[in-house]
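Here is what each chain is made of, one letter per residue.
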Amino acid sequence: MNSEDAPLILAVNHNRRNLDLLVQFLSQDGYRILAVTSLEEFDQALSAEQRIEMAVVDITGFDQSIWRHCDHMRRKQLPYLVLASRWEAAGIQHRGYNHGARYVLAKPTTKKTLRLILNGFCRHSDEADSFDPGP
Amino acid sequence: MEDNVANFTERTEAQTERLSTGVPGLGEILGGGFISQRAYLVRGAPGTGKTILGLHFLTAGALQGEPCLFVTLGETEEQIRNNAASLGYSLNGISFLDLSPAPEFFTEDQSYDIFHPAEVEREPITRKIIEKVEEIRPTRVFLDALTQFRYLSTDSLEFHKQAFSFLRYLSESGATVVFTSDSSQQAPDDDLQFMCDGIIQLECNDMERSLCVTKMRGSSFRMGHHSFRLTTRGMEVSPVLVPDLQREGLAPIFTGELTASGIAELDALLHGGLDRGTTTVLTGPSGVGKTTVGMQFMKASASRQEKAVVYIFEEGLESLLRRCEAINLAVRPLIESQNLSVVPIEPLSFTADEFSSLVCRDVEQSNARIVMIDSVAGYRMSLRGKDLISHLHALTRFLKSKGVSTILINELKSLSGDFHISEIGISYLADDIIFLRYLELNGELRKAIGVIKKRVGDFEKTLREVQITPDGLKLSEPLTRLRGLLSSQIQLTWPEGGFNEF
Chain L
1 MNSEDAPLIL AVNHNRRNLD LLVQFLSQDG YRILAVTSLE EFDQALSAEQ RIEMAVVDIT
61 GFDQSIWRHC DHMRRKQLPY LVLASRWEAA GIQHRGYNHG ARYVLAKPTT KKTLRLILNG
121 FCRHSDEADS FDPGP
Chain P
1 MEDNVANFTE RTEAQTERLS TGVPGLGEIL GGGFISQRAY LVRGAPGTGK TILGLHFLTA
61 GALQGEPCLF VTLGETEEQI RNNAASLGYS LNGISFLDLS PAPEFFTEDQ SYDIFHPAEV
121 EREPITRKII EKVEEIRPTR VFLDALTQFR YLSTDSLEFH KQAFSFLRYL SESGATVVFT
181 SDSSQQAPDD DLQFMCDGII QLECNDMERS LCVTKMRGSS FRMGHHSFRL TTRGMEVSPV
241 LVPDLQREGL APIFTGELTA SGIAELDALL HGGLDRGTTT VLTGPSGVGK TTVGMQFMKA
301 SASRQEKAVV YIFEEGLESL LRRCEAINLA VRPLIESQNL SVVPIEPLSF TADEFSSLVC
361 RDVEQSNARI VMIDSVAGYR MSLRGKDLIS HLHALTRFLK SKGVSTILIN ELKSLSGDFH
421 ISEIGISYLA DDIIFLRYLE LNGELRKAIG VIKKRVGDFE KTLREVQITP DGLKLSEPLT
481 RLRGLLSSQI QLTWPEGGFN EF
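One line per chain: the protein sequences are L and P, in this order.
Letter by letter, the first sequence follows residues 1 to 135 in my numbering.
Letter by letter, the second sequence follows residues 1 to 502 in my numbering.
Read the hints as simulated data drawn from the structure, not as lab findings.
Built from N, CA and C at the ideal position, the CB exists for glycine as well.
Treat each hint with caution, since some may be false.
Computed, partial: chain P to chain L, Cβ under 10 Å [stated by the list, open to error]:
1. 95
2. 96
3. 98
4. 110
5. 117
6. 120
Over 12 Å on every C-beta distance to chain L, these chain P residues come out as not near it, computed from the model [to be verified]:
7. 37
8. 111
9. 112
10. 116
11. 118
12. 154
13. 183
14. 268
15. 315
16. 319
17. 330
18. 334
19. 363
20. 386
21. 427
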């Protein structure tokens, strides 16, 4: 997979260090990353025409309007997973799924878990693209 | 068979390369020092001196030109250097690997929670350690504190494997490792205790600091709680004195040599004097003249150029010297000529182990021939509740092994009544027992001296009256007409007048 063909992941994180670690990890796994730290940048990313395979949204540090952006992704049928701190994850889970999240993970998560989820999404996405319904 | 085993153990221990701990007294407890390329755990609550012990260990190596490495995961290098400088340590020749968190870590930009620290930090920290070890090839590593690595592991099994392999890596790289742990009820360090080769436990209470060794693979060590001090010179340990007759060849030997008091009547009472290398308990109630009689022996020895050392727990030096001068016991010139030492001891400032170490050092350095401890009650205070008999036994046994005569001054609480040698059970330690007691005769309070036990040789079975006069100690002829000596009712038989005459 060359870098131009690599799936593009939208990484949303208010914490710069978290975002750096996520970008570092995703890059090592061969993904391209669109990293944003604010809701404005999030809006711009969703409005752009580039194809995004999946979004990883860490809701910590954002206000309630983050859910409007999540609804936006659901309408665009952009799969995403939500990351939340351990003590808020239980409360967020229900809300996250209602807003269309495929997964809600508590932080800290493991690289192995994140890798499995992302690989699963991107494989599924590749298969859907190459699906030939036949004559 | 047992001898063969003992000889084998001694041989193997002697062949093992030992590293100096750098802490005075600690090597003696560890059987010579740390065994090379092993890992030792230093445990203890905050403030007990773990880091200071580590600094001693590294500076001892640096002084010999060994490459030494301090790996810190808690305090910063700067803090450690500042603290060491304030204690007068030179850290020249010691390399640092500072893995403590930088202040930026706590700002938003550096703090993170997306992944476990084990996944983020372990790899760069491991890389830094390996780079440093490869760079300087240390023979001594001090790691403060290994338990910090626990936070770089996702579970206890992983921590165990990480810590074990890390210690093994250092050891195989040629390093002897001393590491600390911050243990608590919530995060015990039992796993580290299992994997290390030796454990030194540091303790501190409101009375004293002490350490004990609970594990030492491949080596014997001295059991017990050994008191230590943290001074401006760092850590100083006073090992518990334990007689070791087999190893040191300390079997008591009575030479037959006598230590005379210089007073004919007193020496006659003892059939010549105290036997060299024996322990004498000089017992009696308050004010009866025990110290005076003891000082008479000390003065006589010092006058014969035999080094004498007196430890006084209950009065100051000047007070004792004045009392001696008031009865024509000229000890000051003997102090000036260094044949006599009088060492005041404040029992609340000295632990029993520190006192024992002091006595051992004094005796070995000055080649003392006679020692007096005035009094057992003062010495007992320095024990702070510990067992008097075992400590005193070890001390007198050591002195005996060096051929030193020992006089223990023992005070009885009661002025009169039925006869007691001691109220604290020390008579078993005594080779000789000299007692002083009050007598009420003809309406006067008088004092008498007698001998009740002399392990080597004979002695007078009668009492003599003793008087402390401006001209010195005076003893009467034997009081052959006293009856009821061991009861509260001493009676004088005929004739009365003879008793008054010396």
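Hint by hint, here is what the structure shows:
1. With 10 Å as the threshold, the beta carbon of residue 95(P) stays out of range of chain L, its nearest partner Cβ sitting at about 30 Å, so the hint is violated.
2. Hint status for residue 96(P) relative to chain L: violated, with the closest Cβ pair at about 26 Å, above 10 Å.
3. For residue 98(P), the shortest C-beta to C-beta distance to chain L is roughly 20 Å, which exceeds 10 Å, and the interface hint is violated.
4. This hint holds: residue 110(P) has a C-beta 6 Å from the nearest C-beta of chain L, less than the 10 Å allowed.
5. Of the supplied interface hints, the one on residue 117(P) holds, with its beta-carbon coming within about 8 Å of a beta-carbon of chain L, less than 10 Å.
6. Taking 10 Å as the C-beta cut-off, the interface hint given for residue 120(P) holds, the closest approach to chain L being about 6 Å.
7. No beta-carbon of chain L is positioned within 12 Å of the beta-carbon of residue 37(P); the least distance is around 36 Å.
8. With a least CB separation of 6 Å from chain L, residue 111(P) falls inside the 12 Å interface cut-off, contrary to its annotation.
9. Against the 12 Å criterion, residue 112(P) falls within the reach of chain L, whose nearest CB is about 4 Å from its own CB.
10. For residue 116(P), the condition that its CB be more than 12 Å from all CB atoms of chain L is violated, with the nearest at approximately 5 Å.
11. A beta-carbon of chain L is positioned within 12 Å of the beta-carbon of residue 118(P); the least distance is around 9 Å.
12. Its closest Cβ contact with chain L, about 8 Å, brings residue 154(P) to no more than 12 Å, contrary to its assignment away from the interface.
13. Residue placement check: residue 183(P) keeps its beta carbon more than 12 Å from all beta carbons of chain L (closest about 25 Å).
14. Distance to chain L confirms residue 268(P) as a non-interface residue, since its nearest Cβ pair spans about 89 Å, more than 12 Å.
15. Residue 315(P), annotated as away from the interface, keeps every beta carbon of chain L farther than 12 Å; the closest lies near 67 Å.
16. Under the 12 Å C-beta cut-off, the non-interface status given to residue 319(P) relative to chain L holds; the minimum distance is some 70 Å.
17. The non-interface label for residue 330(P) is consistent with chain L: the shortest C-beta to C-beta separation is roughly 81 Å, beyond 12 Å.
18. At roughly 76 Å from the closest C-beta of chain L, the C-beta of residue 334(P) stays outside 12 Å, upholding its exclusion from the interface.
19. The non-interface label for residue 363(P) is consistent with chain L: the shortest C-beta to C-beta separation is roughly 63 Å, beyond 12 Å.
20. Listed as a non-interface residue, residue 386(P) keeps its Cβ farther than 12 Å from every Cβ of chain L; the least gap is roughly 50 Å.
21. Chain L leaves residue 427(P) outside its interface by the beta-carbon criterion, the shortest separation being 70 Å against a cut-off of 12 Å.
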